[in-house]
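Sequences listed follow chains A and B, in order. Under numbering that gives the first Met the number 0, the first residue of the first sequence carries the number 0, and numbering increases by one thereafter. Under numbering that gives the first Met the number 0, the first residue of the second sequence carries the number 0, and numbering increases by one thereafter.
No lab work stands behind these hints, which were simulated from the structure alone. Check before you lean on any hint, since a few could be wrong.
Unchecked claim - Keeping only pairs whose Cα atoms sit at most 20 Å apart, straight-line, the calculated EDC-like set for lysine to aspartate or glutamate is: (1) B:Lys256 x A:Glu457; (2) B:Lys215 x A:Glu389; (3) B:Lys258 x A:Glu457; (4) B:Lys258 x A:Asp454; (5) B:Lys258 x A:Asp484; (6) A:Lys395 x B:Asp264; (7) B:Lys240 x A:Glu486; (8) B:Lys195 x B:Glu347; (9) B:Lys240 x A:Asp454; (10) A:Lys395 x B:Asp50; (11) B:Lys256 x A:Asp484; (12) A:Lys48 x A:Glu72; (13) A:Lys395 x B:Asp263; (14) B:Lys256 x A:Asp456.
Here is what each chain is made of, one letter per residue.
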Amino acid sequence: MKRIGIDVGGTNTDAALLDGDRVIAAVKTFTTADVTSGVRTALKEVIAKAGDEAQGVVAVMIGTTHFTNAVVERRNLGRAAALRVSLPASASLVPFCDWPKDLAAKVNGGVYLVEGGHEYDGRPLVPMDEKAVAEAARKMVQDGIEAVAVSATFSPLTAECEDRAAEILQNEAPDIHVTKSSTLGRIGLLERENVALMNASLIGLARDTTKAFVDAVAESGLGAQLFITQNDGTVVRAEAAREYPVFSFASGPTNSMRGAALLAGIENAMVCDVGGTTADIGCLVNGFPREANNVVEVGGVRTLFRMPDLLSIAVGGGTKIGRDPLTVGPESVGYRLSERALVFGGDQVTATDIAVAAGLITLGDPSKVASLPADFVQAALAKMHENIAEGVDRMKTDATEVPLLAVGGGAMLIPESVPGISEVIHVEHSGVANAVGAAMAQISGETDRIYRDMDRDEAIAEARRAAIAAAVEAGAEESTIKVIDVEDLPLSYLPGRAIRTRVRVVGEAAALNEPVPA
Amino acid sequence: MSAEDIEALAVGAWILGTGGGGDPYQKLLNMRLLYEAGSEVTLVDPLALDDDAVVAVLSNMGAPLVGQERLSDPEFALKPLRMMEEYLGRKFDAVMALEIGGGNGVHPMMVGALTGYPVVDADTMGRAYPEAQMTSVAVAGLRCYPLTMADIRDNEVIIPRAASWRWMERISRKACTEIGSVAATCKAPRSGAEVKQHGVLYSVSKAIALGANVLKARAAHTDPIEAVLSATEGKRLFAGKIVDIERRATEGFLRGKAKIEGLDDFAGKEMVVHFQNEFSVAYLDGEPIVMTPDLICLLDTVSGDGIGTDVLRFGQRVSVLALPAPGVFLSEKGIAAVGPRAFGFDLEFKSVFKEPN
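This is chain A alone, in the form it adopts within the complex (with noise of 0.2 Å):
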């Protein structure tokens, strides 16, 4: 099966076409302010590179650290309402009140405190104050909101507050958007409704983003369906990501981190990725990146996201290097690069003009670098080994000396030898190991379902039978399915004995382990 992935980076877009699990060509090209022509160009460039190979692609898997910049750096995020229905409990600790100040100056959108919601028990706590929700969603329209996030106390177990207040918002105020965040997971209100203002702030963004993907992978005359990778690896339809963009945060270094092992066939190892803002710095463990393992912290956000667990630094190839005295970063010139590296032509030294000045890789013009001084260009070229080696030690688990992956555009900036490292492995197309990772995103299988009458055990085992098949009716190859989230909520209220579960799993895609054809 022939697939595209597209990685949509803070300063590059890269593009792979695979067939099964062989590259068959790779691009790399430069971000665009307006996203959509850097994915067209890559579109065009990739097909135009494979040639005949390009006939009968099915998929376009498209990555995007999109929204989680949206975020981390404040831009393009929409004002979002924050419904909580809560009351008389909950009552100091309002909506954004753990948010970092200058994020939620930009989001909030107006916090509405109601009373309603459950208790553990599925008791209401008090009954929902349904004119107050009326009266929010019309202060809302007064206020030209978008979008608004609506949480209520124990929603996981069960969810008619949100439902219902979502009814009356919708009656109220037929053009904003609802995000419940009950369809979001997890029990910790104020972690889940982080996610669900994030979702809701992020909507506007994430329609014109999707709908750009949608029309680039249409002028590209594939006719292949559009996807976009999720955070633990998986794809979900365009549609799908439209209404949900937390779901894609940090799919990006997923990706990498995934691609990165199968161009070097190599499951067990540490991964540098070096892009044009960061390097990101992970564990691959057993071909699948060591996830984070409590409350994650998006843009210096909670939540409860299942994420790699990965530490990024400010070592990338638009970083800015300082002289006198000599500084790496923290700022970047991010997908300007072509403009304002000395090599292209600009007046600002960044660690891309360091790699071409020592000669680790040749691009634009070198002439531009040639008179930087030769112990400048040294040290600065030692300051970023020195980041990286400390980062890559500090991700290490245990004294074994392990293999790490160099992937990324910046790879030339990883030193050749690293303690606590056997060997740093280059690969073809490490450059683009995101893109590959995202062509090869497995498919995901959910349930989330009550299982009345049976024992924790036998519910758990149904749960997860279905969550299978739902993997294997998407195309995952049964043999390959691995769980990877059980979360079951006992609801004592129902009659009989009932528990919600939710099960995840995912598997290679089916096609991905048939022969290829010669």
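Fit chain B to the given chain A structure using the hints.
What follows is chain B alone, placed relative to chain A:
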């Protein structure tokens, strides 16, 4: 107490919580807001208390899981104290924590910040335990009443008298369950003399020092688990990944067990840790190897953060540590109150530490 002390306290208390007492995060958030608004908390040496000083013993009672959804609120913590003052007809001289473990270690700080009452550097558990009779003051046989309790609606409960600590537990637990399995309480007030003689002294400073040690290790990128061990004379028992959690909220408690698959040095082994709000007994490959009153702490292997029984998750990488218990619980009466049999395990208590002389 400085704002930094409060931050360190939250980290240390969560570790000493042995899985219970609630995640301190929300209470820490409230404290940050209170400090930003200009409040401050004074910590007092318990030995400086007058013998006839009256100290309010405060806690949040119930299933920690509920606290994840019904967020902490300082005004709600203050209510039972005001009820108790009205009932006694006098003001308190100071407040203290029932348990230093988890969010309950930070709980009296919120009341201290709102009222200006000093907070005593002591508690009655040196950790967190689920039931009323599991305190140093109960083991000492001190009076168990009165108790006040409030919920977020307009319900208030006063238990003027109970026949024993166990009766106090049963009655208050029933009331707590009815109002949603979470309640702010003010337990039987203690005199300065009682605190000095029967409290677990300097537990607040101990939690602050422990937390500061962990924060320092994190900043220096050294092993935070080592930082915990060095600050507490604890032992590392196991490290692995959680592969199964069974949890049920019953009768106001959160009960269940977590199964941990060994990693690295512990590969091929399996640990099962049982809990009732807090971790009570852990089995290694079927054999009980650590039990209460030894403190059983599940910590995030990477950050050294405590992990509550309410936030255990599939896939978490955890280290299991044992920390020594305060001496009062190692006595015969102490073991009877908080040993494995008190949690329904037919096991003879055996400490992982050397028996005290």
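Among all the numbered hints in the text so far, which are the ones the structure does not match?
Hints 8, 9, 10 and 12 contradicted; others consistent.
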